[in-house]
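Protein sequence lines correspond, in order, to chains A and B. Going by this note's numbering, the first sequence opens with residue 51, and the numbers climb by one from there. Going by this note's numbering, the second sequence opens with residue 50, and the numbers climb by one from there.
Since the hints were derived computationally from the structure, they do not count as laboratory data. Don't take every hint at face value.
List time: in silico EDC-like cross-link candidates among lysine to aspartate or glutamate, alpha-carbon distance up to 20 Å [to be verified]:
no.: 1; chain 1: B; residue 1: Lys-79; chain 2: B; residue 2: Asp-176
no.: 2; chain 1: A; residue 1: Lys-303; chain 2: A; residue 2: Glu-241
no.: 3; chain 1: A; residue 1: Lys-308; chain 2: A; residue 2: Glu-241
no.: 4; chain 1: A; residue 1: Lys-308; chain 2: A; residue 2: Asp-218
no.: 5; chain 1: A; residue 1: Lys-160; chain 2: A; residue 2: Glu-318
no.: 6; chain 1: B; residue 1: Lys-79; chain 2: A; residue 2: Asp-107
no.: 7; chain 1: A; residue 1: Lys-103; chain 2: B; residue 2: Asp-67
no.: 8; chain 1: A; residue 1: Lys-130; chain 2: A; residue 2: Glu-120
no.: 9; chain 1: A; residue 1: Lys-89; chain 2: B; residue 2: Asp-67
A quick note: this is a predicted structure, and the numbers were derived from the prediction, not measured.
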Amino acid sequence: MFRRKWVRNLLVVAAMIAVFLTLAVNTVQPRENLTFVEKGLRIAASPFQYGFKAINDSVSGFFAYFTEKEALQQENEALKQQLSQRNNELTQMDEISMENIRLRELLNYKEETRGQYQLQLAGIIAENNTNLQHTITLDKGSNDGVVTGMTVLNHWGLIGRITAVLPDSSEVMLLPDRESAIGARVRSTREVIGVVEGDGSGSSSLQMIHLPHDADLYVGDSLTTSGLDGVFPGGIQIGEVTAIEYSANGLTKTATVKPYVNFSRLEEVFVLMNSGGGAAQ
Amino acid sequence: MRVVVLFLVAFLGIVLRDTVFNGLSVAGGKPDFVLIMVVYFAIFRGSVQGGLLGAALGLMEDLMTGRFIGINAICKGLIGFMAGYSERNLHKNNFFVPIAAVLIATFGNAVLYYLFSVMIGGNVGLDTMLFTSIPDAVYNMCFSPVFYAVFYRFFAAEAGN
């Protein structure tokens, strides 16, 4: 009984396979037309397909939001890094370009003063600008022949003088320092006027005090070192007179001098090797 | 009536697979609702009815989506027929039985599809067929508890369980 049933089932299965396999073989080639059953089923399916497609699109859009957002965030990060890198490179190139301009100006100055001055280029490695003192530290010291008292300048004009020397560095007292004093003369008239000193305000402006009321000095006059103070050689540019004030009793006057050197933009300077202690040696 | 409902659900299952689950396809895998239904129907109704429903639903699948008609009918029919033989031997209350049955049926369906495709001149590789059926199997196993619960509710009493 069981065996008969099993054989019957097997025959049914074999018949099913034979029928459907024949059908499959006969439909394996591309057909020009679908059967009416196929058409009917597919037509019936199409409204559902459209409906489900709309759901599918919204679901895909929902997931795409997250996947695209993640991709955009990654791209954004990469671009930020790239931008940062490019900015760094640009800054470096800018720095090099500016250094190139400064060094070219210094070189020109050195060429112009070749017979007059023996100049040693030095870089600034530290600055100490407060109300009490205006100093910078140079990367040249006694090992480079720098000695106390030497004049420091650049193509703009006088900067200061060496006040302390170490083997590989030296300290420069800048013109605006309250202890600084320079004998000055008017460049155009060659008249020796007096002493230019720091005004102690903490700014880089200079002043000339206790000038006789009839001293031949006017706003716009250009001042140079007189060379009579025994500290700085003569003829180095100091600055320009920007204001003159008379004292209350009218006997003296005070001049405000704007130095030619921009002390906030110093990066390389010259040490005048044949000045101060260097000249004495 | 229940058979009509089964056909309607299978019809929607085929449309769903080719629309919504296209967008939710994981590693190319999509759920085969027809296969799940055939397996569970066969488990509760035996090999003859399982085989007949499998062949009928497979044929509907071929007619709706297939280029050549008959392959899914043979595969699903055979899967239903074989799944039906386990009718008396399975512990139908065990949670893992329906999941394992669907897993085996998915790979069995892939092998049968390969065999009959080759017979009619198809050139699908068996390894490709099996490899792509892994995500299908995972998807099918995810849906199987839901389908099994429904089939258990409507067919278990009649089957005497």
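Taking the hints in turn, this is what the structure says about them:
Annotation: proposed proximity of Lys-79/B to Asp-176/B holds, straight-line Cα distance about 18 Å (limit 20 Å). For the hint pairing Lys-303/A with Glu-241/A, the CA-to-CA distance comes to about 17 Å; that is within 20 Å, so the pair holds. Note on Lys-308/A and Glu-241/A: the hinted pairing holds, with a Cα-Cα distance of about 19 Å set against a maximum of 20 Å. Distance restraint check for Lys-308/A and Asp-218/A: the Cα-Cα separation of roughly 32 Å exceeds the 20 Å cut-off, and the hinted pair is therefore not satisfied.
A hinted pair counts as satisfied when its Cα atoms are at most 20 Å apart, and Lys-160/A with Glu-318/A qualifies at roughly 13 Å. Taken as a hint, the Lys-79/B and Asp-107/A pair is honoured in the structure, with Cα atoms around 17 Å apart against an allowance of 20 Å. The hinted pair formed by Lys-103/A and Asp-67/B meets the criterion: a straight-line CA distance of about 9 Å does not exceed 20 Å. A distance of roughly 15 Å separates the Cα atoms of Lys-130/A and Glu-120/A; the hinted pair therefore holds under the 20 Å criterion.
Note on Lys-89/A and Asp-67/B: the hinted pairing holds, with a Cα-Cα distance of about 17 Å set against a maximum of 20 Å.
In this structure, the one hint that does not hold is number 4.
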